[in-house]
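Fit chain B to the known structure of chain A by using the hints.
Sequences listed follow chains A and B, in order.
Residues in the first sequence are numbered consecutively from 1, following my numbering.
Residues in the second sequence are numbered consecutively from 599, following my numbering.
Simulated from the structure, these hints should not be mistaken for lab results.
Check before you lean on any hint, since a few could be wrong.
Unchecked claim - Okay, derived cross-link-like pairs now, BS3-like style, lysine-lysine, Cα gap no bigger than 30 Å in a straight line:
(1) A/K60 <-> B/K826
(2) A/K37 <-> B/K724
(3) A/K373 <-> B/K737
(4) A/K267 <-> B/K693
(5) A/K559 <-> B/K737
(6) A/K85 <-> A/K37
(7) B/K693 <-> A/K60
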Amino acid sequence: MNNGLRTRLLLILFIFGLGVYSLFPTMRYQFLSDEKKSLLSKNEVEYLEENTIKQGLDLKGGIYIVLEVDLPQLINNLASNKDKKFEIFLDDLSNQYSNNTGDFFTLFEKNAIDKDLKLPRYFINYGKTKDQITEQLKLEADDAINRIIEIIQNRVDQFGVSEPTIQKQGSDRVIVELAGIQDSERARSLLQSTALLELMIVKNVESTNTIIRQIDNLANASNSIEDKKTDVENLFSTDEGANDLQFSSLLIGVGNDIGIEKNNLDKLNAILEQESIKQLLDATNGQFLLSNSAKTFINDFGDEEEIYIVYHLNKNAELTGGVIENAQVRIAQSGVTAGQPIVQMEMSSAGSREWARITGANIQKRIAIVLDKKVHMAPVINSQIFGGATVIEGLDSVNEAEDIAIVLRAGALPVPVTIVEERTVGASLGADSVNQGTYSMIIGLLLVILFIVLYYRMSGFIASFSVIWTLILLLGVLALLQATLTLPGIAGLILTVGMSVDANVIIFERIKEELRKGKAIRSAIDAGYQRAITTIVDANLTTGIAAAVLYQYGSGPIKGFATVLFWGIIVSMFTAIIVTRFVFDFITSRRNIEKLSI
Amino acid sequence: MDFLSNTKINFMALKKAGFTLSSALAIGSILMLMLGINLGIDFKGGTMVGLSFSEDVTIQEVRSSLENITIDGNEFDLSGEEVKYFGSNSDVMIKIKSFENEPKNFGQGVINNIYEIMKNKAPEDKNEFVLSLGTVSPKVGTELSGKALWSIVSALVLILFYISIRFEFRFAIGAILALVHDILITLGIFSLTGYEITLSTIAAFLTIVGYSLNDTIVILDRIRENMKSSGTVMFENTINKSINQSLGRTLITSLTTLLVIIVLLIYGGEIIRPFAFTMMVGVIIGTYSSIYIASGFLASIYKSSN
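Bound conformation, chain A alone (with noise of 0.2 Å):
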């Protein structure tokens, strides 16, 4: 073997060895029995997790969810001195906001300009200017979102998800990927809910048969009004919603407490948001939350319903779960709720100080826990409580007392967040698409060896072998870049396969053309060789650029596919140009061949 030969193999070979070696964990890790996985040290588990070709959610099952930060929200939550000129701002801005796909900021900074908004007034704390004031607010939602994904983080962690990922997306979203969850539904909420804990008085039997009596006025008043209005629209109607529209009349006694059924609950928000009445539950400082489930009654017909307590409550809450140390699921051992999940809170020694305060000034009133503006109870303080402890009861499930306990651990959320977007997928579907998939790829990637080797012979065999390590180099980079492989991605698996296989047919093809003008052996493939490669690389290099600009602008799937693309093209340059031309060259070295079989 001549020097250059040795050069080439050995640098070959050196490829050839990265390829495999850094594809070693994979395999390991997809050839791994459960049973032999647990036997594994917990690092050595970790190092083989890091360095597989992870799957897709699409291929492997999970969710993929995409959070957007309430930003209108935030700005509403860091104002102060709010009029109604603010509060036209905001709706305006946040529905804009929801409607467009521009910046937030840039929106925010436009509508101020054009409703003539003097910032600060509102935002005095944060800076003189407005440029200064929107500077300062930028940060404060850069923190939000920073501590939303710490939070997530903690619950995601707490919930027990191996390899979760959590990302920020632009300046108001985060993406949450969880592979191979089977309960996405309790996932979801896991990830959705603020967790904001408020504690708040219930306001006394007579004010809230004072406000009721106010607001069935009221309503009856702006009915009327409204009436009139829409007298023409109304005239065809048979609607009876004058009569409906009657919030007492929506109520029902439940024991001590008032209910609404299920089905009348629109009616019932209708209601609360009138202006009017909105403006009377602020000056009274109340406000009506409903608990967090319905419970089945049978009414005076014998007939099932399903019926929410009202709560009318103070406006302000008492103490939020900012005081809250730590929560743990019991199993309630005495009183009605016996025998079922509860959870338990302990309070930091200033929450139990505030706590036992508070307990003490409002002896028999009824204190409401409120998760996330639903009622979860309301018992009556009997006597003061020291200590810090403090229950939610009214679970349906040790799951849900479970989720509870861990958002209640890992904080409240500063801003709502709301999904955007989402993507599950079942476990089974994802298995059953990797199965199908590998299983056709293989019998693919059969056939077309077959039918190379069938029409090159000899030389179809060099660049089945060419094919082979194409595939095996471009897993093997995707390893190393700990990419993931996704459906689209199999779809930059197959153009390589085919890029590869067309590189080894133009040269073929060049190289039988050369013998076909008689050439010898030895000068018909450097011919070829030197013929051919300026068609590959102007092919290849062409596609490359389509796929780096997919890279740079796609979002998520196009990404997967275009990372795949651009590997797979410089791998199969290297394997079509460099290995199969060493082959060649190494056959030819060694003896004198008569005829090429190609």
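Same frame as chain A, but now just chain B:
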């Protein structure tokens, strides 16, 4: 084996027929697209739910269970939404358009309702019932379409640029024309089948772009090489010669790629099928367009300039 050498087919003789066929197909595709392209929730926003029942169900049955969906006390009639089988008669896919004031966790709410109504036909474990659930808000949908479109357009522009440098501007126009032609017609045929366009099918379209481009460049490269010896005199002959010289390669590559794709189409499973179908159509159209669009275009413009 060597039955593809020394072919002397006069491809450019059929140039006019090719142009006519392509124009007809392209116009047909544009009409198809205007009639309504089945965009998935990725681009329009909406909710898509895949359910797996434990026994066969009828579409009508599922549809009627959608009539009365109650979420947080609000009732929805979703029986007008799209319901279809997914692979077998026990799996269904439901696509619901997004609407204003959609309640939180709408998709899950719909699943829970159907599960309650059709409990006797659903598996006991609700997690086995849910095959997939996708929700995209209209806002994100707009963003995703924008991004997808922007990435494809900028890729095309850069390719145009590269080919102009390496070859000639006229070559680049031919290549881009062929690409647009391929995407357009594949889209048209795709929308005929009623499959919907998702981010994954976009990946399939990109694969076609890659493949077709590769194919076009190989032929253009031959033309460039042959032009060196013969210039643009008798240009159609040069082009015919180039196509014939690379015919072996064109057919073998197309055949091998089609082999893989057809296997995927048959055995690849329900998710991969639309994807494989797109690629199959694309490969056939892409091979044809390299000859009749990219090369045909070159033949026409050189003819008129000489």
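Consistency of the hints with the structure:
Only pairs whose Cα atoms come within 30 Å are accepted, and A/K60 paired with B/K826 is rejected, the gap being roughly 53 Å. As the CA atoms of A/K37 and B/K724 are separated by approximately 29 Å, the hinted pair is consistent with the 30 Å bound. Straight-line distance between C-alpha atoms of A/K373 and B/K737 comes to about 27 Å, which keeps the hinted pair within the 30 Å bound. Taken as a hint, the A/K267 and B/K693 pair is honoured in the structure, with Cα atoms around 29 Å apart against an allowance of 30 Å.
The straight-line distance between the Cα atoms of A/K559 and B/K737 is roughly 20 Å, inside the 30 Å bound, and the hint therefore holds. For the given pair, A/K85 sits about 63 Å from A/K37 by alpha-carbon distance, which is inconsistent with the 30 Å threshold. Between B/K693 and A/K60 the CA atoms are separated by roughly 23 Å; this keeps the pair inside 30 Å, and the hint holds.
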